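Enquirer: Start from the sequences and build out the full structure, keeping to the hints where you can.
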Amino acid sequence: MARPCFRSVVHWARASPSPDRCPRGKSRPGRPASKGRRPGAVPKTSRNPNPETHPFMRQIRLCWHAHVQHTDHEIEAHRDWSPATPEVRRDLAIIVKTANDLYGPRSHWVEEREVRRPDADPRLRFDPRVLQDDAAAGPYAQQLAQGCSALRFTPDLEREYVEHVRSVQRRPAAFCVVAGLFGWTVFGPVGLLMLATRSFSADLRLWAVQGAMLAVLCAGLVLLRTPRWAVRTDRVSTGVLVAMAVALGLLAVQAGAGGAALPGIALGLIAVTAACFFPLGLVFRRSLVLALAMAIGGTLLAVLLPRSTPFAGTSLALAALWGATGLAATGGYLGERLYREQFLLHGLLSRQAFVDPLTGLYTRRGTHRLTQTARLQAIRDSVSLSFVLMDVDHFRAYNRRHGREAGDRTLVEITKVVGSFARRPLDVASREGGKRFGLLLYDCNLEQARLHAEQLRERLRDIGHEPLTLSIGAVQVLPDETADGFMQRVERLLQRSKDAGRDRVTIL
57 MARPCFRSVV HWARASPSPD RCPRGKSRPG RPASKGRRPG AVPKTSRNPN
107 PETHPFMRQI RLCWHAHVQH TDHEIEAHRD WSPATPEVRR DLAIIVKTAN
157 DLYGPRSHWV EEREVRRPDA DPRLRFDPRV LQDDAAAGPY AQQLAQGCSA
207 LRFTPDLERE YVEHVRSVQR RPAAFCVVAG LFGWTVFGPV GLLMLATRSF
257 SADLRLWAVQ GAMLAVLCAG LVLLRTPRWA VRTDRVSTGV LVAMAVALGL
307 LAVQAGAGGA ALPGIALGLI AVTAACFFPL GLVFRRSLVL ALAMAIGGTL
357 LAVLLPRSTP FAGTSLALAA LWGATGLAAT GGYLGERLYR EQFLLHGLLS
407 RQAFVDPLTG LYTRRGTHRL TQTARLQAIR DSVSLSFVLM DVDHFRAYNR
457 RHGREAGDRT LVEITKVVGS FARRPLDVAS REGGKRFGLL LYDCNLEQAR
507 LHAEQLRERL RDIGHEPLTL SIGAVQVLPD ETADGFMQRV ERLLQRSKDA
557 GRDRVTIL
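Residue numbers (my numbering): 57 to 564.
Everything labelled a hint here was simulated from the structure, so no lab data went into it.
Predicted, not measured: the structure shown is a model, and the values here were computed from it.
For glycine and all other residues, C-beta sits at the position ideal for the given N, C-alpha and C.
There's no promise every hint is true.
[Claimed, not checked] Label pairs and their computed distance ranges (CB to CB):
| # | residue 1 | residue 2 | range |
| --- | --- | --- | --- |
| 1 | A275 | P245 | 54 to 64 Å |
| 2 | H126 | E214 | 25 to 35 Å |
| 3 | A275 | T355 | 21 to 31 Å |
| 4 | Q202 | R548 | 42 to 52 Å |
| 5 | L348 | R515 | 27 to 37 Å |
Expert: Structure follows, in structure tokens:
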């Protein structure tokens with residue numbers, strides 16, 4: 057809890073209005089002196105027309121003397137500090153007045169204090185402990201708690217992130233290639249005219265570089281717009297960037313001592329270097345390596361080529377090149393850090409939506425999403441697809457006898473058994489609700505599903521503090537059936553198992 061900014065203001069509530077009243081401006085025992093301020097008044101330091109933007113907030117709590125006992129009473133919840141909203145003030149005033157009538161005057165009172173808002177204190181930082189429950193459920197919360205300042209995840213998560221970047225940034229990369237194609241088509245001929253010489257062979261080499269660069273840009277655009285060719289986005293982007301840098305270097309060498317087009321070539325190299333940090337399917341490390349290589353190459357060209365411009369002009373061009381590289385790298389670092397955080401948050405929310413936090417199995421929503429994929433694949437392979445729904449019998453009574461913690465441990469053990477039957481890549485084990493579990497079995501007909509269900513029922517007898525029984529229903533998923541359709545059928549079969557005495561398997 058943040059440290060109070062000044063002494064707590066104590067508000068006493070009286071059972072009777074007048075006998076205990078103190079003269080104006082004087083303090084009661086246990087209450088700090090207030091200069092003529094009425095009880096319950098908010099100090100001027102905290103009055104603000106817009107409390108949302110004020111850096112401080114008021115908190116309130118209920119207090120009572122040590123001789124008053126409220127053990128296991130709901131009034132104990134008001135002993136902790138909470139935001140001092142008008143509703144809370146009103147409720148506590150009623151509680152204090154009633155309690156003072158029962159336990160005596162001044163036995164209960166209200167304290168208020170002013171503290172800095174957590175979001176307004178720059179010293180407060182993200183506390184990894186707020187995700188300690190979610191951290192055990194998946195890698196996204198663990199990495200989010202560790203932070204993204206190093207721009208590197210664990211190996212498995214890093215591979216997933218890189219694949220995500222390549223997939224999501226494919227269209228922006230194609231747009232950047234179109235922009236490069238437009239710029240090279242418009243400004244390239246202008247530069248070639250400035251570099252034109254009386255030598256036909258030299259001019260032919262210049263136009264050959266122009267044509268080759270246009271061909272590379274067109275090829276890169278075609279590769280990015282044709283996903284079925286399975287060419288990685290980062291490879292296409294790297295090839296296009298390197299080709300543009302090499303083309304600019306060849307033009308700079310061809311310019312030689314003439315130097316008329318060197319400023320334009322320098323601007324082009326600055327633009328290509330900054331483009332390394334555009335959304336091209338590259339992670340920051342590779343973008344930085346490319347940009348530094350281009351900046352070093354440009355520096356070497358400026359130093360080694362015959363100098364036709366003053367040294368001050370060359371130095372200014374190099375300073376602009378390295379300055380642009382530094383600014384682009386800073387923006388690229390900040391952008392990727394934010395993008396990585398968004399990736400982790402998206403993964404965490406997706407996991408919370410589709411994965412049960414206690415057992416690690418898919419929820420009903422996750423099962424429905426995966427069922428459609430398995431159903432379409434089963435149609436393509438001409439195989440059967442079955443679904444088994446099971447319910448633990450009398451599990452609420454089990455929780456009452458052994459406690460909720462023991463019940464949760466038992467659910468985890470049940471999860472291990474159910475998950476052991478999902479052996480194939482398209483098999484899905486799920487938790488359909490409190491004590492219900494599902495099992496989607498690929499390439500499994502109805503009779504095989506019944507045998508699996510019987511094995512499940514037998515293996516669960518030895519789990520927990522006492523034997524557990526299962527009521528099970530099993531159906532074969534029809535080729536044109538949706539997830540809601542076969543779920544309704546299997547729930548009816550499960551209900552038949554319960555009506556017939558539980559601890560049995562019903563198929564149809």
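Enquirer: So the hint says 21 to 31 Å: do the beta-carbon atoms of A275 and T355 match that?
Expert: Holds - the Cβ-Cβ distance for A275 and T355, about 29 Å, lies within 21 to 31 Å.
Enquirer: Does the hinted range 42 to 52 Å hold for Q202 and R548 at CB?
Expert: Cβ of Q202 to Cβ of R548: about 48 Å, so the range 42 to 52 Å holds.
Enquirer: 54 to 64 Å was suggested as the range; check whether the CB atoms of A275 and P245 agree with it.
Expert: Taking Cβ atoms as reference, A275 and P245 lie about 20 Å apart, which means the hint is violated.
Enquirer: If I claimed the Cβ atoms of L348 and R515 lie 27 to 37 Å apart, would that claim hold in this structure?
Expert: Since the Cβ atoms of L348 and R515 sit about 59 Å apart, the hinted range of 27 to 37 Å is violated.
Enquirer: Are H126 and E214 spaced within 25 to 35 Å by their CB atoms?
Expert: violated (53 Å)
Of the hints listed earlier, those the structure fails to meet are numbers 1, 2, 5, in rising order.
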